[in-house]
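S.K.: Going down the list, the sequences are from chains A, B and C.
All the letters of the first sequence, read from the start, carry residue numbers 1 to 363 under the working numbering.
All the letters of the second sequence, read from the start, carry residue numbers 364 to 433 under the working numbering.
All the letters of the third sequence, read from the start, carry residue numbers 434 to 769 under the working numbering.
I should point out that these hints are in silico values taken from the structure, not numbers from a laboratory.
These numbers come from a predicted model, not from an experiment.
None of the hints are false.
For lysine-lysine, the following DSSO-like pairs were computed, each having C-alpha atoms within a straight-line distance of at most 30 Å:
#, chain 1, residue 1, chain 2, residue 2
1, A, K261, B, K369
2, A, K261, A, K301
3, A, K130, C, K569
4, A, K301, A, K260
5, A, K260, B, K369
6, C, K569, A, K134
Below, each chain spelled out in residue letters.
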Amino acid sequence: MNYLDEFRNREVVTGLAGRIRQLTTGRSEPMTFMEVCGTHTMAICQYGIRSLLPPRLRLISGPGCPVCVTPNGYLDHAVACCRLPDVIIATFGDMMRVPGSSTSLMEERARGADIRVVYSPLDAVALAAKHPGKRVIFLGVGFETTAPAIAGSILAAAGEGLANFFVLGAHKTIPIPMAVLAADPELRIDGFICPAHVSAIIGAEAYRFLAEEYHIPCVVTGFEPVDIMQGVEMLARQVLAGESRVEIQYSRVVKWEGNKKAREVLARVFSPCDADWRGIGIIPGSGLEINAAYAAFDAAKAIPVEVEETREHEGCLCGEILKGKVSPADCPLFGTLCTPEAPVGACMVSSEGTCAAAHKYGR
Amino acid sequence: MQIISKDGNTAVAEIDGVRREASLMLLGEEVNVGDFVIIHAGFAISKLDEDDARETLALMREAFTPEDMA
Amino acid sequence: MDKDLILLGHGSGGKLSHQLLDDLIIPALSAIPVSGQNDAALVEHDGRRLAFTTDSYVVDPIFFPGGNIGDLAINGTINDLAMMGATPLCLSVGLIMEEGFSRKELASILASMRKAADLAGVRIVTGDTKVVPRGKVDRIYINTSGIGVFAHDLQINGCRAEEGDKVIISGTIGDHGIAILAAREGLDLETGIESDSAALNGLVLELLKEGDAIHVLRDPTRGGVATTLKEIAVQSRVTIQLQEAELPFKAAVKGVCAVLGLDPLHVANEGKLLAIVAAEAAERLLARMHNHPLGAEAAIIGTVTGVSGGRVQLETVVGGLRAVDMLAGEQLPRIC
Chain A
1 MNYLDEFRNR EVVTGLAGRI RQLTTGRSEP MTFMEVCGTH TMAICQYGIR SLLPPRLRLI
61 SGPGCPVCVT PNGYLDHAVA CCRLPDVIIA TFGDMMRVPG SSTSLMEERA RGADIRVVYS
121 PLDAVALAAK HPGKRVIFLG VGFETTAPAI AGSILAAAGE GLANFFVLGA HKTIPIPMAV
181 LAADPELRID GFICPAHVSA IIGAEAYRFL AEEYHIPCVV TGFEPVDIMQ GVEMLARQVL
241 AGESRVEIQY SRVVKWEGNK KAREVLARVF SPCDADWRGI GIIPGSGLEI NAAYAAFDAA
301 KAIPVEVEET REHEGCLCGE ILKGKVSPAD CPLFGTLCTP EAPVGACMVS SEGTCAAAHK
361 YGR
Chain B
364 MQIISKDGNT AVAEIDGVRR EASLMLLGEE VNVGDFVIIH AGFAISKLDE DDARETLALM
424 REAFTPEDMA
Chain C
434 MDKDLILLGH GSGGKLSHQL LDDLIIPALS AIPVSGQNDA ALVEHDGRRL AFTTDSYVVD
494 PIFFPGGNIG DLAINGTIND LAMMGATPLC LSVGLIMEEG FSRKELASIL ASMRKAADLA
554 GVRIVTGDTK VVPRGKVDRI YINTSGIGVF AHDLQINGCR AEEGDKVIIS GTIGDHGIAI
614 LAAREGLDLE TGIESDSAAL NGLVLELLKE GDAIHVLRDP TRGGVATTLK EIAVQSRVTI
674 QLQEAELPFK AAVKGVCAVL GLDPLHVANE GKLLAIVAAE AAERLLARMH NHPLGAEAAI
734 IGTVTGVSGG RVQLETVVGG LRAVDMLAGE QLPRIC
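Please construct the entire structure, taking both the sequences and the accompanying hints into account.
M.R.: In structure tokens:
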């Protein structure tokens, strides 16, 4: 029993699909549920979940891909850093091909920059310890699942007395933008499929204000196909009953109060700040910045560099995609001028991007 | 992933024969060898509640046995 | 994107590689229509068919569980000939070595190459050796070329898949790529994964006994099963549907892919073949594979469901349907 395969059971998924179909027959109004987690975006496509749901029930993707919601300016800053002497850029894989204003990290690597893909920020700390003559800059992009890990790595670097480990941060938090989308009159979100592992950190209680103030049903849902189908069923039931509560489908991992210890570690290193979200703009309090006490590890403060003027790509609809207002197939650049090999926008190239998923797995 | 060994604040966890090291510094609760944890970017972020998982699976098996799929 | 740069992705075997071939390399060197882009070239001379192929090997690390750059180079080229239905006749070997490379390691690689060639019954008849200054290549790169002859008139070609045909894989998927990645990244595995590098000409000979029922043979190397089937689907202008539940994997390969977020259908194989065959012969061909040491875990994994511009779909383990596409850029560099 590894608690994964059992949640990929075909009979159960088929059964849940049948229940969802039964629940929604007779309802002429469509239901739209938004997920805000890149892993959900991918899992839904990977398992072909949409093909199992009735057509009246729409699953749309929101700004759940942290790489995708990071504006070009951040990439340009990373590129400027990689061109400095004696710098090693350490990054998660999917930042490599994201296009900045004029280039990408992958192209810079082809031109000779030292850019390395790591699976954990601790690997970047290890790089710094191994190369004392180099400045190792870790690209810190992610939501509340990743931010505590990066906080942990800064504490580890501090503990080791490293002076050459830095984080260039673009960390963001997810509940506040969900409220922005919930309040958007153009979007009619009937329910949120809440993230799995972000919720393990922040707890299901973080979404209470969405249910109580914005009257949107929220179900914290796991990543396996059984989880997703069950989460969708729970949302459908709430909508039909006219309810708006926070429920936990992924109860084997997520608690109402979340992971207090992880949040404590996070708070030691990070504080909320305003953040710029691609397509949405500046959302107050939706970002995380490194505290003054750890400024020595903040690449933005510790490593002065000139960044090129940021340009957005003409015709790129990533912003609208990230708000769930436009689907990939509706973007005129999708599959033609914007492809995974030659992407115009981040949504097409990040491993959790809505357009990347649509292109790879089909809609 | 399932913890197969532990050394202070670091554990080795395994899934499908693949082993990864993970830091336990973000976990508030005690975990032991044999426990299941969720690992993200080299850190364990949550312990899996096996009782809850088994209960969920039992309920599903009850609700969706193949004989019911007419 | 700077269009003047050659990127790692251009050598990965996926979409970027295809673009480079189609946009620059093929038009410059000759004009091979898409339907003619098979594992080896068919050359007609004096009324006789020959198969001719070449491949270069830059795999890192050069020694990996299950083999090394040498036997990989021998098996790979033998397989390209075998996938055309040709009997491999002879091979050439080109060595480009870095100054300072170990003579002992070279001897070990050469011994493996001889062993692999002998096992497959193919002779190495010519070659070339170059040494370049330290740092100009990474230890050793190898090119092998091969010629094959035909003992039959069968037309085995990427454009021959037909509606109704069955898709068979000769064994577990993703072993080679994951073995390389595991070695390179120093992954801690309970059971080590070994490359599946092997010469498939013997297995192919067995399958050819079913004659014209064999429409397509191809080994899913760089870019994996997904890329290979997509190429065939486009060449034959058909839709192929795979059953995820039927895909054979070693548990450790699935585990590594899950942990590292890789799609196993995009991972290279070096000792497996895909056969697209007439439906009525599928079970017989499967039996022939099972009776051969290199086909013990063979499985029927899909069907050619209809005509189209060239699509591959997958029915997922939970019954959903999704598209399968070619590898876009670089997944794992220097895999072969």
